[in-house]
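Peer 1: Sequence:
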Amino acid sequence: MLACDDALFGYDDDPAADAMIAAANALERRDIIEARVALGAAERWQSTAQIGFEALSLLDDGRPDEAARRIDLFLHPKWPSAAACAEAYEQAMGVRS
1 MLACDDALFG YDDDPAADAM IAAANALERR DIIEARVALG AAERWQSTAQ IGFEALSLLD
61 DGRPDEAARR IDLFLHPKWP SAAACAEAYE QAMGVRS
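Residue numbering for the sequence shown is 1 to 97, as defined by UniProt numbering.
Warning: the hint list may mix true and false statements.
Between beta-carbon pairs, the in silico distance windows are [to be verified]:
1) Val95 <-> Ile32: 38 to 44 Å
2) Lys78 <-> Asn25: 20 to 26 Å
3) Phe53 <-> Ser81: 21 to 27 Å
4) Ala88 <-> Asp60: 20 to 26 Å
5) Ser57 <-> Asp31: 17 to 23 Å
6) Pro15 <-> Arg63: 37 to 43 Å
7) Pro15 <-> Ala92: 31 to 37 Å
8) Gly94 <-> Asp14: 34 to 40 Å
9) Arg29 <-> Ala84: 28 to 34 Å
Hints are computed from structural coordinates only; laboratory data are not their basis.
For each residue, glycine too, the CB sits at the ideal point set by N, CA and C.
Generate coordinates for the entire structure from the input sequences, incorporating the hints supplied.
Peer 2: Pasting the structure below:
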């Protein structure tokens, strides 16, 4: 699972996010070749390089469903920002700011 500060928040007009969305759509259609092309494009951007690499590795291992799940978690993070993630972590751990 991605760390909260690794998530991509607010990606309007972001070609890296567009590549990840294209990969997710391709995996939904079970088009592994198109997904690999999109993930290859995603690896060129710093913001998506790690998740692109992980998803490609999962495809290499024959696990397209897990690759799609990781991409979905990346595109739809649980928290709206890194600060919200850190706050939730502090609350869960009983840390006071």
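Peer 1: Next step is simple, just say for each hint if it's right about the structure.
Peer 2: How the hints compare with the structure:
1. Val95 <-> Ile32: 38 to 44 Å: 43 Å, holds
2. Lys78 <-> Asn25: 20 to 26 Å: Once the Cβ atoms are compared, 22 Å apart, the range 20 to 26 Å for Asn25 and Lys78 holds.
3. Phe53 <-> Ser81: 21 to 27 Å: Cβ of Phe53 to Cβ of Ser81: about 24 Å, so the range 21 to 27 Å holds.
4. Ala88 <-> Asp60: 20 to 26 Å: 33 Å, violated
5. Ser57 <-> Asp31: 17 to 23 Å: 18 Å Cβ-Cβ, so the 17 to 23 Å window holds.
6. Pro15 <-> Arg63: 37 to 43 Å: 26 Å, violated
7. Pro15 <-> Ala92: 31 to 37 Å: 35 Å, holds
8. Gly94 <-> Asp14: 34 to 40 Å: 36 Å, holds
9. Arg29 <-> Ala84: 28 to 34 Å: Taking Cβ atoms as reference, Arg29 and Ala84 lie about 33 Å apart, which means the hint holds.
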